[in-house]
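Asks: From just these sequences and the hints, can you work out the full model?
If you read the sequence shown in numbering that gives the first Met the number 0, its first letter stands for residue 0, the second for the next number, and so on.
If you are wondering where the hints come from, they were derived from the structure by calculation, not from laboratory data.
One or more hints might be untrue.
FRET-style restraints, in silico, Cβ to Cβ [stated by the list, open to error]: (1) Val10 x Ala258: 41 to 51 Å; (2) Tyr59 x Phe180: 27 to 37 Å; (3) Leu322 x Val10: 54 to 64 Å.
Just so it is clear, CB atoms sit at the ideal spot from N, CA and C, and this is done for glycine as well.
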Amino acid sequence: MHLKRKAWLIVLLLILVIRIFSNFPEAVERYYSTGLYPLISGLQRILFGWIPFSIGDILYALTAIVLLVRLIKFLKTVFRKQATRLYWRNSLLWLVFTALMVYCFFNLVWGLNYNRIGVAQQLELKMDRYTTEELAAVMSALAVKLDSLAPRAATNRAELGKKRNLFKGALQAYNSCSKDFSFLTYKNPSVKPSLFSYLGDYMGYTGYYNPFSGEAQVNTTVPVFVQPFTACHEIGHQLGYAKENEANFAGYLSARSSADQRFRYSVYFDMFLYGIGELTYRDSTVSAGLRKKLPAQVKKDVAELRKFYKAYENPIEPYIRQLYAQYLRANQQPSGMKSYNEVMAFLVAYYKKYGAESL
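Replies: This is the structure:
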């Protein structure tokens with residue numbers, strides 16, 4: 000009993016420290032995100048990066064099995080009317096303690112990055128509200144990039160379907176990017192195909208980061224032209240950019256630095272899709288003009304992507320998206336799923352500081 004009380008006390012004290020510490024973004028940035036976290040993440044990648052399959056996915060699967068077995072045992076006990084008041088109490092305490100332990104571990108190995116100052120400060124970007132004209136200028140610049148890359152975009156796409164080439168390309172993109180942005184230096188890679196890729200098609204995700212194993216996961220069953228940016232986005236999470244808009248921007252900075260035109264096409268394709276919806280809402284005439292001028296290859300890829308998502312539509316996916324949106328809101332991203340699109344604020348700020356050619 001004494002050990003149990005001590006365990007509860009330690010966990011509750013850890014949570015208190017985490018909650019207090021997370022209220023000081025400057026301290027999180029200095030002591031955790033650019034201090035302790037790189038050591039944690041580096042160790043995770045050294046331990047698991049060399050293994051060709053996802054340790055984190057196996058961990059998730061085993062956890063799901065354990066929880067399912069415990070749930071079945073719990074329901075059997077309840078339905079057989081063997082659940083005493085003490086049994087209910089102990090079951091509830093176990094559930095709460097487990098949840099608190101996961102919360103502590105999650106924050107210590109990665110989650111505190113949600114509270115950092117982040118890439119805007121590192122690049123000294125002014126994250127002001129932007130005008131429709133500024134957004135339109137950025138979208139026009141992205142359209143120009145797509146126009147120049149589209150004629151060669153479909154070349155050797157099958158090679159990207161080979162996971163080794165995809166992940167090697169993402170590493171090379173970050174190596175190139177780090178020459179200009181040292182904070183995006185990436186060593187000891189740990190990027191892997193998700194073991195749940197087909198499940199991901201139905202759940203609506205193209206990739207995810209596993210903070211417990213430090214592995215970046217890519218859904219390798221989605222159209223191949225979006226996979227390069229997905230890989231770079233997940234590495235962004237791996238480097239400590241927890242918020243989706245920041246991981247998107249880290250992925251953008253890296254993929255556009257790639258010598259591989261397929262990576263550059265992938266990132267400009269994604270950025271264009273993130274911004275065109277907002278531009279349509281603000282100025283549908285300008286948006287329609289940009290859409291009309293898109294190269295045939297881009298229009299073909301947009302149609303293919305829509306067809307892919309349409310094929311996997313199901314009644315459960317909207318609820319999963321809502322659940323994930325709540326998770327994002329609980330972690331400093333009040334816009335929920337729209338947090339991904341907020342990468343446009345970074346692109347506009349970057350454009351205002353360095354000009355259209357810099358994009």
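Asks: Which of the numbered hints are not met once you compare them with the structure shown?
Replies: Per hint list: single violation, 3.
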